[in-house]
Amino acid sequence: MTTPHASGASTPNTGARPHSTISFKDRAHDRLNDAKVQRAMRNFNLAGARARGVLDLENLEDIRTSAAAIRDRSLAMLDVWLERFEREATRRGVTVHWAESHDDINRITVEIAKANGVKKVIKSKSMVSEESHLNAAIEAAGMKVVETDLGEYIVQLAGETPSHIIAPAIHKNRDDVADLFHEHHKTPRNNDPAVLTMEARKFLREHFLSADMGITGGNFLIAETGSLVLVTNEGNGRMTTTMPRIHVAITGIEKVLGTMEDLSCILRLLTRSATGQSISNYITVNTGPKQAGDSDGPEQMHVIIVDAGRARLLGTDMQEALRCIRCGACMNHCPVYQNIGGHAYGWVYPGPIGSVLTPNYIGLEKALDLPHAATLCNQCGVVCPVKIPLPELMRKLREKQTERGLRPWQERTGLRLWSWLAQRPSLYGLATRVAARLGKSVGGAERTIHRLPGKGWTEGRDMPAPQGKTFRELYAERNRK
Amino acid sequence: MFLKVGLFVTCLVDLMRPRIGFAALKLLESAGCEVVVPEAQTCCGQPGYNSGDRPAAQALALKVLREFDDCDYVVSPSGSCGGMIRAHYVELLAELPQHADAARRLAAKTYELTDFLVNVAKLEVVPGRFPGTITYHDSCSGLRELGVKTQPRALLAKVPGLELKEMATPEYCCGFGGTFSVKYGEISSRIAERKCEDITTTGADAVVLGDLGCMLNIEGRLRRRGDSHTRVYHVAEVLAGVEDTDGNR
Amino acid sequence: MSARDRILGRIRAARGAGVSVTDAERATVENFIREKPRGVGPAMPWEIGPRFREQCIKMASTYDEVATRADVPEAVERYLREKALPLTAVAWPEIASLPWAGIKVEGRPARGDDLVGITGVHLAIAETGTLMFLSGAETYAATSLLPETHIAVVPASRIVASMEDAWAQTREEVSDLPRAVNFVSGPSRTADIEGVLQIGAHGPFRVHVIVVAG
Numbered sequence: 069m070t071t072p073h074a075s076g077a078s079t080p081n082t083g084a085r086p087h088s089t090i091s092f093k094d095r096a097h098d099r100l101n102d103a104k105v106q107r108a109m110r111n112f113n114l115a116g117a118r119a120r121g122v123l124d125l126e127n128l129e130d131i132r133t134s135a136a137a138i139r140d141r142s143l144a145m146l147d148v149w150l151e152r153f154e155r156e157a158t159r160r161g162v163t164v165h166w167a168e169s170h171d172d173i174n175r176i177t178v179e180i181a182k183a184n185g186v187k188k189v190i191k192s193k194s195m196v197s198e199e200s201h202l203n204a205a206i207e208a209a210g211m212k213v214v215e216t217d218l219g220e221y222i223v224q225l226a227g228e229t230p231s232h233i234i235a236p237a238i239h240k241n242r243d244d245v246a247d248l249f250h251e252h253h254k255t256p257r258n259n260d261p262a263v264l265t266m267e268a269r270k271f272l273r274e275h276f277l278s279a280d281m282g283i284t285g286g287n288f289l290i291a292e293t294g295s296l297v298l299v300t301n302e303g304n305g306r307m308t309t310t311m312p313r314i315h316v317a318i319t320g321i322e323k324v325l326g327t328m329e330d331l332s333c334i335l336r337l338l339t340r341s342a343t344g345q346s347i348s349n350y351i352t353v354n355t356g357p358k359q360a361g362d363s364d365g366p367e368q369m370h371v372i373i374v375d376a377g378r379a380r381l382l383g384t385d386m387q388e389a390l391r392c393i394r395c396g397a398c399m400n401h402c403p404v405y406q407n408i409g410g411h412a413y414g415w416v417y418p419g420p421i422g423s424v425l426t427p428n429y430i431g432l433e434k435a436l437d438l439p440h441a442a443t444l445c446n447q448c449g450v451v452c453p454v455k456i457p458l459p460e461l462m463r464k465l466r467e468k469q470t471e472r473g474l475r476p477w478q479e480r481t482g483l484r485l486w487s488w489l490a491q492r493p494s495l496y497g498l499a500t501r502v503a504a505r506l507g508k509s510v511g512g513a514e515r516t517i518h519r520l521p522g523k524g525w526t527e528g529r530d531m532p533a534p535q536g537k538t539f540r541e542l543y544a545e546r547n548r549k
Numbered sequence: 002m003f004l005k006v007g008l009f010v011t012c013l014v015d016l017m018r019p020r021i022g023f024a025a026l027k028l029l030e031s032a033g034c035e036v037v038v039p040e041a042q043t044c045c046g047q048p049g050y051n052s053g054d055r056p057a058a059q060a061l062a063l064k065v066l067r068e069f070d071d072c073d074y075v076v077s078p079s080g081s082c083g084g085m086i087r088a089h090y091v092e093l094l095a096e097l098p099q100h101a102d103a104a105r106r107l108a109a110k111t112y113e114l115t116d117f118l119v120n121v122a123k124l125e126v127v128p129g130r131f132p133g134t135i136t137y138h139d140s141c142s143g144l145r146e147l148g149v150k151t152q153p154r155a156l157l158a159k160v161p162g163l164e165l166k167e168m169a170t171p172e173y174c175c176g177f178g179g180t181f182s183v184k185y186g187e188i189s190s191r192i193a194e195r196k197c198e199d200i201t202t203t204g205a206d207a208v209v210l211g212d213l214g215c216m217l218n219i220e221g222r223l224r225r226r227g228d229s230h231t232r233v234y235h236v237a238e239v240l241a242g243v244e245d246t247d248g249n250r
Numbered sequence: 175m176s177a178r179d180r181i182l183g184r185i186r187a188a189r190g191a192g193v194s195v196t197d198a199e200r201a202t203v204e205n206f207i208r209e210k211p212r213g214v215g216p217a218m219p220w221e222i223g224p225r226f227r228e229q230c231i232k233m234a235s236t237y238d239e240v241a242t243r244a245d246v247p248e249a250v251e252r253y254l255r256e257k258a259l260p261l262t263a264v265a266w267p268e269i270a271s272l273p274w275a276g277i278k279v280e281g282r283p284a285r286g287d288d289l290v291g292i293t294g295v296h297l298a299i300a301e302t303g304t305l306m307f308l309s310g311a312e313t314y315a316a317t318s319l320l321p322e323t324h325i326a327v328v329p330a331s332r333i334v335a336s337m338e339d340a341w342a343q344t345r346e347e348v349s350d351l352p353r354a355v356n357f358v359s360g361p362s363r364t365a366d367i368e369g370v371l372q373i374g375a376h377g378p379f380r381v382h383v384i385v386v387a388g
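Residue numbers (the working numbering), protein chains in the order written: chain A, 69 to 549; chain B, 2 to 250; chain C, 175 to 388.
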């Protein structure tokens with residue numbers, strides 16, 4: 069990223085700034101005018117992969133309904149399921165921690181590391197740790213931390229944050245990666261993705277074998293067995309939970325499922341929705357630390373269950389957002405995301421789900437644009453594997469902004485004026501007559517208006533001119549004849 | 002068959018493209034309907050609804066409720082406004098229980114034009130003819146709120162001379178999004194650009210669609226990118242017959 | 175009050191439940207876990223054997239079949255020679271005890287520099303071409319992870335239709351889950367550089383499945 073708003077350039081490795089207002093429009097503008105980002109976004113087509121991937125599910129809609137019901141069941145008695153998970157996990161030797169805030173996540177993790185004399189930490193992908201800027205906290209405590217998902221590793225070397233929840237480095241091209249590896253690995257520069265992947269494997273393998281602690285996210289927690297489930301393709305999740313002597317998993321309170329049957333049902337949709345795969349290469353189910361006689365596995369397993377704003381959504385009209393299983397399909401299919409990429413959204417979760425979660429987690433007033441940054445085309449809603457009504461949730465957030473007086477006065481006045489006028493048909497008829505004639509004359513012989521006040525429309529488009537008379541005028545004329 | 006059909010013209014058609022309203026009228030009459038056009042109608046309230054101004058939207062929804070209460074059906078040449086009434090009025094008026102029944106009744110009898118012509122009026126012969134190739138853009142609200150996908154294509158297949166060439170991604174949003182198109186004009190234009198590339202790649206003479214908002218967006222972008230030959234038509238215009246009465250293009 | 179109690183309290187308050195979890199609520203959860211209803215899945219009109227083979231290949235595993243366990247060493251040697259891979263391997267003890275001749279097979283856990291790992295499986299899943307492993311004292315997890323080439327010996331009788339079936343059978347066979355249950359479907363992969371698919375990110379480059387019919 070070379071743009072001033074890139075989080076990487078100004079705030080290395082700390083991600084966006086959740087405590088300041090997200091300047092979405094500026095950030096989007098920068099990405100729209102960054103040729104590299106634009107090339108990468110043009111190349112990005114996980115939507116096509118998903119379309120091919122769901123072809124073999126003839127009853128896709130029934131499976132989606134079932135998956136949504138599974139998630140709703142967890143959310144309806146979330147505390148009871150979590151308590152059940154905790155009991156089973158504890159019985160199996162897991163230490164369960166509870167984090168109310170982002171600071172809690174960092175504090176608990178660093179405490180575990182310090183208590184065990186940890187020097188090097190390896191990480192499999194964890195979006196919750198991106199929320200809390202965990203890497204910075206670990207480094208501040210004097211330890212080394214290495215991301216091991218290839219995409220995460222690339223953005224870590226670049227001092228940036230992920231621009232997609234499952235394809236973190238989708239905004240970078242092979243030359244960017246070649247430069248980064250050449251600089252950090254001191255190896256000859258090569259931009260072949262195959263060579264770069266091999267090089268990352270070699271360098272990261274050493275870290276896997278030498279790290280003291282592995283940190284992962286958690287795709288799901290299973291109440292039945294007290295298990296943690298990780299879904300990966302690279303195998304770094306398995307490495308991170310098999311090689312180091314301590315494993316710390318960090319996941320949200322909403323991620324609990326009842327049984328392995330629930331998991332089996334949801335996985336069919338998770339992997340297809342994400343990458344079009346009928347299953348990911350690795351599904352790892354961890355239940356406690358190394359057992360007597362085991363030759364591998366960690367000596368300690370910790371699970372940190374995170375609230376950090378999530379419980380606030382329960383029991384409200386936003387609860388459906390907590391069904392999310394983080395597949396990324398909503399952003400992959402979003403025409404806005406497809407053009408501006410993930411960094412424009414300013415916080416951890418981009419795309420439609422980000423536009424719903426970010427204002428809820430960091431504050432409605434800090435992300436004013438996000439609920440409006442969508443055409444409400446509902447492509448996200450129809451592909452969401454757990455049927456989150458994303459456009460409805462964005463619309464509700466828009467209403468909350470209006471109720472709290474957070475919208476610009478020009479917009480509020482404009483809408484009120486329109487509504488007032490539209491309730492007065494005679495006056496409305498007169499106003500539209502004038503506008504239609506004025507528009508026609510501005511359009512001239514070309515019948516096209518090149519410039520309108522406010523420039524929002526005509527910055528990138530012309531405005532076809534009106535015909536000149538309104539329908540109501542012409543209809544009245546016709547009836548008179 | 003004499004169905005009393007209320008035509009909801011839409012505010013955009015009223016202001017910008019009255020001929021679409023007349024085309025819809027002609028098609029409904031061809032299908033044997035008795036068409037009424039409540040003259041005090043204005044806007045369905047969608048701009049307020051989608052911008053989070055619920056009271057403003059409610060006031061206009063109640064107005065529509067009153068104006069179309071005595072029709073057997075309400076038909077609109079717009080999946081967006083039709084979708085607003087059919088898919089959102091019940092929710093919009095949720096806190097006004099005294100209007101709940103009326104909102105449900107109205108929602109149940111409201112149709113997008115092509116959906117109505119195919120599934121209710123069962124129009125067999127269309128008046129229009131069109132010598133040339135077209136490509137069809139599926140507007141988001143019609144497609145995803147009302148299931149309008151095969152209906153316009155079935156009707157267009159009846160138009161003598163017309164050949165349909167599908168674009169690669171006809172269901173991809175054009176970037177209009179109502180007030181989004183103005184609030185985030187730069188992003189909106191970029192989305193429209195992708196749609197225009199898709200349209201022009203087909204080499205079709207015209208792009209046809211069912212929502213004036215998308216039409217203005219697509220036509221505006223086509224002209225800005227220097228394409229003066231690809232015509233942009235509402236599906237009602239093509240079905241009713243494109244007459245070059247007003248320098249139509 | 176602990177963070178735990180505050181979080182659980184917030185959840186209960188949000189859903190309008192009383193301060194502490196009731197016996198009835200616990201019973202609801204326990205009943206559900208006992209009954210384990212299955213969610214809606216796809217129709218499975220195929221035969222297990224052919225489907226497993228087809229899906230293994232779809233997930234970029236290679237596939238072979240032998241008649242009996244005694245035929246496994248020869249099939250492994252053939253595969254390794256064909257791919258010009260080293261004729262040295264580490265394996266689970268149950269595999270190391272087979273009558274190996276042309277290959278050096280050590281029955282010990284894998285280290286970072288071992289190139290070929292041979293395992294059995296707990297079960298396999300036809301729907302997705304998936305191998306299921308339970309970690310244990312003699313079923314090392316790292317054998318299917320660290321080496322560049324992973325060979326899995328799959329008795330045909332251990333292939334089930336779906337993941338649901340695999341869990342059901344596992345519950346009948348083991349009382350508590352082991353530390354790690356790993357589902358593996360083909361070699362490790364990534365598409366994190368420009369979306370270009372690369373095989374062999376951190377796990378094996380090659381997964382070779384040998385199904386033993388008898």
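Hints were generated in silico from the structure; no laboratory data involved. These numbers were taken from a predicted model, which means no experiment stands behind them. Check before you lean on any hint, since a few could be wrong.
Unchecked claim - With a Cα cut of at most 25 angstroms, we get these calculated PhoX-like pairs of lysine-lysine:
1) B:K159 to A:K455
2) B:K5 to B:K184
3) A:K549 to B:K123
4) B:K184 to A:K468
5) B:K27 to A:K549
What the hints assert, rightly or not - Label pairs and their calculated CB-CB ranges:
6) B:E172 to C:A311: 51 to 59 angstroms
7) B:V37 to A:N101: 36 to 44 angstroms
8) B:G204 to C:K257: 46 to 54 angstroms
9) C:E239 to B:A169: 55 to 63 angstroms
10) C:E228 to B:T170: 42 to 50 angstroms
Quick reminder that beta carbons are idealized off the backbone N, C-alpha and C, glycines included.
* To do: Assess, step by step, whether the Cα of K5 of chain B is no farther than 25 angstroms from the Cα of K184 of chain B, and give holds or violated.
  => Between K5 of chain B and K184 of chain B the Cα gap is close to 39 angstroms, so the pair fails against 25 angstroms, i.e. violated.
* Please work out if K159 of chain B and K455 of chain A have their alpha carbons no farther apart than 25 angstroms. => 37 angstroms, violated
* Within 51 to 59 angstroms or not, the Cβ separation of E172 of chain B and A311 of chain C? -> Distance hint for E172 of chain B, A311 of chain C holds at roughly 55 angstroms.
* **E239 of chain C versus A169 of chain B beta-carbon gap, inside 55 to 63 angstroms or not** => At 42 angstroms between Cβs, range violated.
* **Pairwise beta carbon distance, V37 of chain B to N101 of chain A, judged against the given window 36 to 44 angstroms** => At roughly 51 angstroms between Cβ atoms, N101 of chain A and V37 of chain B fall outside 36 to 44 angstroms, so the hint is violated.
* Asked: Is the Cα-Cα distance between K27 of chain B and K549 of chain A 25 angstroms or less?
  -> The hint holds at about 17 angstroms.
* **Given pair status - K123 of chain B, K549 of chain A, alpha carbons within 25 angstroms** => Status violated; Cα separation ~30 angstroms.
* Asked: Is the gap between the beta carbons of G204 of chain B and K257 of chain C within 46 to 54 angstroms?
  -> Since G204 of chain B and K257 of chain C have Cβ atoms about 49 angstroms apart, the given range 46 to 54 angstroms holds.
* **Outcome for the supplied range 42 to 50 angstroms, where the beta carbon pair is E228 of chain C and T170 of chain B** => 30 angstroms, violated
* Would the pair K184 of chain B and K468 of chain A pass a check requiring their Cα atoms to be no farther apart than 25 angstroms? -> Roughly 18 angstroms between the alpha carbons, so the hint for K184 of chain B and K468 of chain A holds.
Against the hints set out earlier in the document, violations occur for numbers 1, 2, 3, 7, 9, 10.
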